[in-house]
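S.K.: Position 101, counted from 1, in the sequence shown is what my numbering calls 106; the numbers after and before it change by one each time, with no gaps.
The hints are simulated quantities; they were obtained by calculation from the structure and are not laboratory data. Owing to the predicted nature of the structure, the values given are computational and were not obtained by experimental measurement. Among the hints, erroneous ones may be present.
[As the list claims (entries may be wrong)] Under the rule of at most 27 angstroms between Cα atoms (straight-line distance), these lysine-lysine pairs were calculated in the DSS-like manner:
#, residue 1, residue 2
1, K270, K375
2, K317, K269
3, K165, K463
4, K270, K317
5, K463, K487
6, K357, K69
7, K117, K165
8, K245, K439
9, K165, K364
10, K375, K357
11, K245, K220
12, K487, K165
13, K139, K104
14, K104, K74
15, K104, K73
16, K357, K491
17, K317, K439
18, K364, K491
19, K364, K317
20, K463, K357
21, K487, K270
22, K139, K220
23, K220, K69
24, K376, K139
25, K347, K439
26, K376, K270
27, K139, K117
28, K61, K245
29, K491, K463
30, K139, K347
31, K220, K67
32, K73, K139
33, K117, K104
34, K74, K270
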Amino acid sequence: MVVRRLMQTEDMDPVTLLFDIRPDLIDTFAVVHNEWSTEFLAWLVFNGVNEYPSLKRSNSLKRKLLEKKPEPCGLTHLEEVIYASRRDLQDVFPLPSRKAELLVWFSHHLLKEYDFGWLYEAKEEKKCVGPKRKGVNVFGYAYGASGIGEDFRTTYEALKESGISVAGVNFDPGPNHPQDFNEYSEPDAYDPSLAVNIFCMTAPETARQLVSSGKDIFSGHYNVGYWPWELEAWPAAWLKYIDLVDEIWVSSRYIYDAVAHTSKKPVMIMPLNVTIPEYTQVSRDDFGLPSTAFLFVFVFDLGSSSYRKNPKSCLEAFWAAFPPSLYSPGEVGLVIKVHAPKVFDQIWQDVKSAASSDKRIFIIEETFTKKRLCQLYRSCDCFLSFHRAEGYGRNVAEALQLGLHVIATGHSGNMEFCNSENTIFPRHTFEPVKEGEYAYALGRWAEVDVLDAAQKMKDLFFEGVKKDTSVGELPFSLSQCKERYKRRLEFIFNNLAVGVDHEQ
């Protein structure tokens, strides 16, 4: 079987994708069905092309700006935009009476006063690219202190360990995402000679990558979207993004079931690498935690949706299992850790407010290094995750790697590696995802039975079973992930329709 490059980046216009990644523009400038208003064109000309330089290579934008409007105006859209922005031109050349003189002014002054040379550049003929080297560019949030940032870093690590040539390329996720992960020190360098691109980000962010960086990064490569998703059905609004890539990788069977039937492209299940760095264990005093208590812990990213992560159920189950009147801070406790919030989150505020009256509950709002996070995990006894849905569940995987007891919802992506031997599953039912609870709310997700979860927490507490640090190899181990990547990429290298240099 020959894998052929199906994606036609030439058909992907950056302006069309801009509407998807910046929906605010549609409302602000009344853009309907891509019929651009004068105000929107003005924004594109004076702001958009500076924010997104790839727009300068948009043929549809060039055609629109140079297209003449009907008489009596008769100006091009670009000339109309300039005229509308210049009171001096309106005073000297009132329309329609002095249109001819205005057109003369444009012919003499437009390119002198404005940097619009890009509009008149001839379309370059597509150059024949030489043979590509066997290797991979990995794009993602290299410094992002988040799960999806860790997806990039661990994918890069596994590819590097596999012996495949790999280049890491940072993509800025924006101001609301912590960018203070300073343990990644690999060079940030896109290598156009490498045959394959892997985009470790969401499907819409892959579109933003194209708009921000331009089509050249995609053209002439075999492009893989290593895409997360958390609900049972792939959003209809994301179907168009499948045309950005030649192949989709997903971290779990759960995501595969959501996207595979909607895609004509290959979809491969590729569990993400979960590795534990070398670290020195510290005492609980280092975190201000009681030395004698049995500690439950839950760690999550507020940017991942509090509705989906469901911290409230952790509180409710803890209180149901261990009423404050019967269990002291020295006996049992609950630790909940998040990054320092960047934006207001009502659910998190409710959790903090409810927890403030119980000295057995410890709230940590801080961004940790990977080593520091491992120290926190190992200072506790049992990891909780009463999530409603997970695309993968990296936090659960990390807890398993570190040998903690795990009580987690038996639904969605974490079932790629959770089973009855390593995880305790509370009962759950399914509820519809309500509007406003999650982006593209559709389908159903799990609702943990809080009382059953409480009973399982209580049983574990009284059993007093020690943590098991001798965890066997799991499907997300570095050794398994690097072999999976190597097998699939060798197949791609050997079967690509674009040229790959096999003499290297």
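S.K.: Please flag the earlier hints that this structure goes against, numbers listed from lowest up.
M.R.: 1, 2, 3, 4, 5, 6, 7, 9, 13, 16, 18, 24, 26, 27, 29, 30, 32, 34
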